[in-house]
Amino acid sequence: MSNLPDADTLVAVLVATLRPIVTPETGMIGIVTGGAWLAERLHQELGLKVPLGRLDISFYRDDFSSSGLHASVKPSQVPFSVDDREILLVDDVLYTGRTTRAALNEIFDYGRPKSVRLVVMADRDERQLPIAAQYVGAVIKVPAGKKLQLERDAAGKLSLRLNSPKTANA
Amino acid sequence: MRNPQLNANGELTHLLTIEGLPREILTHILDTATSFISIAERDVKKVPLLRGKSVFNLFFESSTRTRTTFEIAAKRLSADVVNLNINTSSQSKGESLLDTIDNLAAMNADMFVVRHSQSGAAHMIARHLAPHFHVINAGDGRHAHPTQGLLDAYTIRHFKKDFRGLSVAIVGDILHSRVARSLIHALNTLGTTDLRAIGPQTLMPSGVEQLGIRVYHDMSEGLRNCDVIVMLRLQNERMRGPLLPSAQEFFKTFGLTPEKLALAKPDAIVMHPGPMNRGVEIDSSVADGPQAVILQQVTFGIAVRMAVMSIVASH
Chain A
103 MSNLPDADTL VAVLVATLRP IVTPETGMIG IVTGGAWLAE RLHQELGLKV PLGRLDISFY
163 RDDFSSSGLH ASVKPSQVPF SVDDREILLV DDVLYTGRTT RAALNEIFDY GRPKSVRLVV
223 MADRDERQLP IAAQYVGAVI KVPAGKKLQL ERDAAGKLSL RLNSPKTANA
Chain B
-12 MRNPQLNANG ELTHLLTIEG LPREILTHIL DTATSFISIA ERDVKKVPLL RGKSVFNLFF
48 ESSTRTRTTF EIAAKRLSAD VVNLNINTSS QSKGESLLDT IDNLAAMNAD MFVVRHSQSG
108 AAHMIARHLA PHFHVINAGD GRHAHPTQGL LDAYTIRHFK KDFRGLSVAI VGDILHSRVA
168 RSLIHALNTL GTTDLRAIGP QTLMPSGVEQ LGIRVYHDMS EGLRNCDVIV MLRLQNERMR
228 GPLLPSAQEF FKTFGLTPEK LALAKPDAIV MHPGPMNRGV EIDSSVADGP QAVILQQVTF
288 GIAVRMAVMS IVASH
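Chains A and B, in that order, give the protein sequences.
Per my numbering, residue 103 is the first one in the first sequence, and the count goes up by one each step.
Per my numbering, residue -12 is the first one in the second sequence, and the count goes up by one each step.
Careful, some of the hints might be misleading.
Here are the simulated BS3-like cross-link-like pairs (lysine-lysine), alpha carbons at most 30 Å apart as the crow flies [to be verified]: (1) B:K147 with A:K176; (2) B:K40 with A:K176; (3) A:K176 with B:K32; (4) B:K40 with B:K80; (5) B:K148 with A:K176; (6) B:K32 with B:K62; (7) A:K259 with A:K248; (8) B:K33 with A:K151; (9) A:K243 with A:K259; (10) B:K147 with B:K247; (11) A:K176 with B:K62; (12) B:K32 with A:K216; (13) A:K216 with B:K62; (14) B:K33 with A:K216; (15) B:K32 with A:K151; (16) A:K151 with A:K259; (17) B:K33 with A:K176.
What the hints contain is simulated information worked out from the structure, not anything from laboratory work.
I would like the entire structure built from these sequences, with the hints used as guidance.
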């Protein structure tokens, strides 16, 4: 899909947007899997001091009773105190907002942050919940039945892909 | 016949015994447990997986550790937990087991955690109930204690990384031990080939070799170069007749002392399902020593039970 924006360009856009607002105390948390990859890049390029956190929101999904537990749940790790901290929550694609809601619930189980702002590489602009991203790489309209995903190759290069999922996944 | 623990898609819907479960399911449970471990270190030690579900702890036989860890596991998954101590309730008034179950099901239970002195009790309850209920066996007679077997396997994997190439010795009262039976099935499925049972002939079930285990009656032979030693409790309450001369005699021959432990590999771990009888099957200096991982087993047990509950509830 050559008409999708280049992921590296979007990373550069986000880095430039975020640079003025990050502080030595800013905490960053990426949502597994794509969001964690993006967060790794942003964390490194912004030179953030607080270690990077990652969330696997499988235990917080609202479709647990219908879709069950996936075989490869990775433990969440938030290696800093979230209490009273400004948090940047990072995901690859913002779609319905359900993943974001689950991630917010999980963050609050670690403590009470001062603020949480959402950073996404791509916004599909099809929200089912009152959730918005403050920092967006690009708004990308996706045809029905398709899934927009961030992928990472063996060399660590990020790219956006449009896939036809076997099972729809928010 | 289909395995009664699995649904038509081969997914785990009850946990009744480890026997016959494929390796993928055991590994999935252990992997899921790993991701629950870190929850205990957070401010809020809860995830919302079982929010709104009711878990009934049905203990027809007394237990502190197992019942408490199941209760904590269910609460950390945000379930509502009801503890029933049946010794003191309807059964003593003559109600049948299945009538008790039907009444509790009518109270909209979602999951039953069952311990019973009769082998097969959890199977019978699982067969009796409609498919949307889940049953977890927390120990039935001499038959099985699958979550204990899984938490033992979890502990072994945690400390030894892999099951293949390990030598595991299970020591003591194998005959009465559902813990031993469940662990043997788990390790057989997970790929441990050197399994040893050490104990007196009178406490060794007949045909135990058919489970793929070598029998020893001498600690100095059986413990040699072991990676893992699992001590079992001498189950006085299950003992009928003169199977043993005395507890002191047992300790002399089969109790784990520092001298006997020295026969195993220097980095061998010592496990015990509890409750321990110090000075009967294990010496205090071993139980409190650097190689004992007995209290870690308890902590891991919560995560393993969370994994089992969340997996069966999702099918």
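Each hint tested on the structure:
For the proposed pair B:K147 and A:K176, the alpha carbon gap of about 20 Å is at most 30 Å, so the pair holds. Distance restraint check for B:K40 and A:K176: the Cα-Cα separation of roughly 24 Å lies within the 30 Å cut-off, and the hinted pair is therefore satisfied. Distance hint between A:K176 and B:K32 is fulfilled; the C-alpha atoms sit about 17 Å from each other, no more than 30 Å. With a CA separation close to 29 Å, the supplied pair B:K40 and B:K80 stays within the 30 Å bound.
Between B:K148 and A:K176, the direct Cα distance comes to roughly 17 Å. Compliance with the 30 Å bound is thereby established for this hinted pair. Distance check on the hinted pair: B:K32 and B:K62 sit about 9 Å apart at the alpha-carbon level, within 30 Å; holds. For the given pair, A:K259 sits about 22 Å from A:K248 by alpha-carbon distance, which is consistent with the 30 Å threshold. With a CA separation close to 29 Å, the supplied pair B:K33 and A:K151 stays within the 30 Å bound.
Distance hint between A:K243 and A:K259 is fulfilled; the C-alpha atoms sit about 23 Å from each other, no more than 30 Å. Restraint check for B:K147 and B:K247: satisfied, since their Cα atoms lie roughly 21 Å apart, inside the 30 Å limit. The straight-line distance between the Cα atoms of A:K176 and B:K62 is roughly 21 Å, inside the 30 Å bound, and the hint therefore holds. At roughly 21 Å between alpha-carbon atoms, B:K32 and A:K216 fall within 30 Å of each other, so this suggested pair holds.
A hinted pair counts as satisfied when its Cα atoms are at most 30 Å apart, and A:K216 with B:K62 qualifies at roughly 28 Å. Simply put, B:K33 and A:K216 have alpha-carbon atoms about 22 Å apart, close enough for the 30 Å limit, and the pair holds. At most 30 Å may separate the alpha-carbon atoms for a hinted pair to count; B:K32 and A:K151 meet this at roughly 27 Å. Restraint check for A:K151 and A:K259: the C-alpha separation of about 23 Å stays at or below 30 Å, so the hint holds.
Distance restraint check for B:K33 and A:K176: the Cα-Cα separation of roughly 16 Å lies within the 30 Å cut-off, and the hinted pair is therefore satisfied.
Checked against the numbered hints given earlier, this structure breaks none of them.
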